[in-house]
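S.K.: So you can see what is in the structure, the chains are spelled out below.
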Amino acid sequence: MLSRLAENLFWMGRYIERAENTARLLDVNYHSTLEAPKWFPVRWEPLLRITTSQEQYFEHFPEVTPYNVPVWLAIHPHNHSSIRGCITTARENARSLRDRLPSEMWETINREYFKLGFATQDLINEDGLHNYCITARDASHLFFGIAEATLPRDEGWLFLQAGRLLERADSVLRMLAEYYQDIPTSAQNQVEIQNHHWMAVLKSVSAYEAYRKQYQSRLEPARIAAFLLQSHTFPRSVIFNLQTLKTLLEELADITQHNSREISRKLGWLIAQLDYGVPLDGLMVGDTRALKDMANSLWKISDDMGRLYFMARYA
Amino acid sequence: MTAVSFTHQAFNEVYSTPENVRGHYHVLMDQLSKLGVQEFERRAGLSDLSFRNQGITFTVYGDAQGTERTIPFDMLPRIILAQEWDTLERGLKQRVKAINMFLQDLYGPQKILKDRKIPYDLIHSSPNFRREMFGIQVPYGVYTHVVGSDLIRDEQGQYRVLEDNLRCPSGVSYVLANRTAMTRIFPRLFSQYRVRPVQHYTTALLELLRSLSLRHLEEPTIVVLSPGIYNSAYFEHAFLAQQMGVELVEGRDLFVSESKVFMRTTHGRKQVDVIYRRIDDDFLDPAAFRPDSALGVAGLMQAVRAGNVALANAPGAGIADDKAVYPYVPEMIRYYLSEEPILENVQTYSGAKNQDLVYMLEHAHELVFKPVGESGGYGMLIGPQSSKQEVQDYLQKVRANPRNFIAQPTISLSVHPSYYKDTGNFEPCHIDLRPFILVGQETTLIPGGLTRVALKRGSLVVNSSQGGGSKDTWVLEDDDVLYQQNLMETPVNLPEFEEHQPDLALEAIKMAQEAQQQ
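Chains A and B supply the protein sequences, listed in that same order. Heads up: take any position in the first sequence, counting from 1, add 68, and you land on this note's numbering. Heads up: take any position in the second sequence, counting from 1, add 7, and you land on this note's numbering.
In short, the hints are calculated from the structure, not lab data. It is possible that part of the hints are untrue.
Claimed, not checked - From chain B, some residues computed to sit far from chain A (all C-beta separations above 10 Å):
#1 E96
#2 P134
#3 M270
#4 K360
#5 E397
What the hints assert, rightly or not - Derived list of chain B stretches under chain A, where covered just means 3 residues or more per stretch with a C-beta under 8 Å from a C-beta of chain A:
#6 59-65
#7 257-268
Using N, Cα and C, we set each Cβ at its ideal position, and we do this for glycine too.
Just chain B, same shape as in the assembly:
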């Protein structure tokens, strides 16, 4: 195994020591080890084929024609205790509440800047700050309705927030697809745990979107706006639209007239009330943002401003998940809610701060560097895994534009066993967790979220575009391990069959022959 040395300190989700399985994993590990390699692989094969045939894929950019791939599905589920989840849920709700208050403040009075809790320059130099949003009233004062925050567990097993995704977080479709796959492949195993359900996500999302409608109609027109089939998350867009029964549209299907948004249908035009947009701000409206965008709808922002259409998530929400703003989220919680953060951030150095920059340049080989404007694991430097030359080259970019980089200590993400076909063994892989939070009048979470796995041996990068996989995430309803019972062991008593069943056809022939002879 080529894992770097610090992975030895990683928190192990399943084993408390190399010999001891944690209580809530007992039944799972026990039964999987009894299953045998052959049977395990047979089921893995079935699941692969099923994902492929259903077209549960993402598109890889950079390849000639946008190759579709399935995200490797790791069949070992991750199990989260009810009590742990409870803390996570409270922490995340607190966090998104503060973030939304921050956004409302920022596109309004900007008190937090005036009180010097966050540097003015940091906000105003960010491309994610959208001046176009000033003075726009959003329903319930909520800017980011669908949030997918990334959590990791550090060496002590403590959950920390690695980043918030407030614009178009992806992955929830895999949460649902993974669950479906798991219950099909291991129905009996699954039924032995009391796992909290996740399949109601799309219903909750639909309710949220309905509540944003500004026309107060019985049946508002809701659409999912996608960049189209070449987008890496297209499967998800289509899946969500289908599950909610709403129209999946592209920019070219919509147009703005009299500050209202319409879609082109075979019946003529139809007014749109709520848009769940899965297009980045930049491409949303060529009249307001990037003029060269062919994906968006010209005049959309004008319709938003006129209060004729609601967007989830609102443009400009991205300023709060700018990697340079992220270090200030705990401060926001204290400032707006007068509470201590329940979930901690990962310690973060920001190139925008002078003393941080000095530290970053001196300790580069211990740190993970990230450009603030990138996502999907692109453009990172992992100090301990890079050569001296790579580090030097990277630091040149940092010196040229320090504001554009942050650095974090190489926390060893927790590990969880995953199955490797080449060795026929379970090996520890780093994982993270992306829960999905829906924010409207109320805030709801589906239990669990997407557990992503760094399947490349020794890798810390869990992104699917970098070869990561995912696994089903089980949140237990009840931590009492006695409830998680080993039912597979229960012997079944079948009544014994009779030794020999007379063959009626043969009987008939025999009788006929006898009759003839007589």
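Bound-form chain A, shown alone:
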């Protein structure tokens, strides 16, 4: 497979997954702030940090407001990781893959792009944010669903999945790192705030119902962290994604006859850390360094893949 196409598939997977994750974060935060008690501080900075776009944000806006952040994360033309930006880039990638992608996949991303790629501020002025986020989430499900049903299980599939899994693990890690940094503690209505906070965390990764099914107890921060980091059955948990990624990278190494032992080793180390609970130690007292380190290692793995498969020097 052409290196350029492999790279496009990988990034298409990442961008569509990223659009979905941002949509979920945005939707949950927007609506949880609406329902929050009046004295509860409305918090939008975490979203900028989770999406690692706070520096860029401040180049365009002087302050964080409940209007500006959604604009930034959903549609701002200078934010390439906005939902609109991700869908546009993913569609661009798909366009350069048109001869390879099953037509149904291309048509889906093309159609969703027409729904999402041209949104303006009217979206928020006319109370359309929720709908927009739902559309983005569904677009991702539809796209990967069709891929699942029609894309031959060759290298192309593996690169697409690798992008998706890597992005998802990264996004969950960054979200947890952010939300465990300042666990809400002292306030009058402790339970109410706690509940609000942890529900938002779980819902941001569509894990609320799954968590409830597994633990019929109240929302306990330690259990939530364990669930989202270590569950071997929940498809959005970090370990689930990393393990799948590892298997898949090994398959890729077999097919392409490239030696990717170094990448496997790094992934294996991350998985071991998660499995044996290392990152949970400090987490409950607000020390999230371990999670941030893991997220950064993931970026390095993404880079390594690029060097191995996408930038091969032959001539």
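Based on these hints, arrange chain B on the given structure of chain A.
M.R.: Chain B alone, transformed into the frame defined by chain A:
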């Protein structure tokens, strides 16, 4: 309607007189008129949406980011009689045969120049003449493998060749897409005509490309070379690659080593045998042509010369579709084949000839001027539709560089009804026809081709970049109009349904209630 006066003389494809529909259009016009505006528009809407969702688009240059547009699809098909097509097919085969012999001669002994049938200067002053091609052996002596010649019908209904496109002719993907759309939107109407199929084009193209492979492998590596997603014909490049199952590559995916062409894959390098290139000569190889080209592959010409890779179409083929060389094609047919041309050219004045130039300058308001180096309908002057000032300004450019211009009389292209949403009516629009010819060991044509429509009212310009649209083109298998039957009229007898079907669920409830009461 703002059409200029001479359109009244145009040949009408559908009506022989304002009241009389030509025989082979009877069934079509009859049924469409019965369909009603509402239903017609409903189907038009479906087709628009389908083209858009499938991303069947072309890119418009000059816009900020290269806006993609769908080519307006006009739902009234054009119908060509079998007999007419037969003449066209023979004429086109004759033409491409002579053109290929001309190219072989030009990049070899140049007999035709020595015999003074074509001026030496005309060839050697053309930027489309590629000296790099001298002494290169091309498979079967064929230089241009995929040809899209533009045909028009004059006032008498006679087909004439307006120009040949020998480099990277576009549009065949729309031929196939239009056919698919038509059979989806009007399946029953379509089935009433015996229309010759077109969908085998990509198979024929693949076979042709395979036959060019120089390594004689069972599975040669064939690629389509595209400038990438911002090119106006990108959809077509991707479509053809996909339909043939070959790799769609860009220049950056390829490299040359030891005079062989390789592509960069996740497995390492892979040798390429045949390149169907959709990049102009100028950009093909920065080492041989334009050094600033980022689209091409450095060293490609060296690999061609070494016989390690075949290019379709060969570089340098463009010299034969240079608008200044075009007037000589009938001469080529006589010279190489000793035959009379079956298809005629449009009368053409060339700025390179003195007496022609004088005529061009004096009769500018009757002529259509074209720069020889442009395509896509850019840079033209349509004399009768231009103001005095526009004509004067244009002639200044002509005087400054006469070699660079040709002029043709304003032949009124034939008209065909097209649907206009604003009036809810069919109105006559000018059309042309671009058949696609594949030249290898044998020469094949798919029946029909792309019919382009000048949808802007009164316009003679059919190019999509200038607001033109396209329609499906039907070549009939058989001219006997009795075969084209009006099946929609056939009434269908359904057995009558029984008045009342007992509702089983209700029955059950009733029975249960009765049982309880007892």
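S.K.: The structure should be examined with respect to each hint, and the outcome stated for every one.
M.R.: How the hints compare with the structure:
no. : hint    : in the structure
1   : E96     : 30 Å, holds
2   : P134    : 30 Å, holds
3   : M270    : 6 Å, violated
4   : K360    : 46 Å, holds
5   : E397    : 37 Å, holds
6   : 59-65   : holds (count 4)
7   : 257-268 : holds (count 6)
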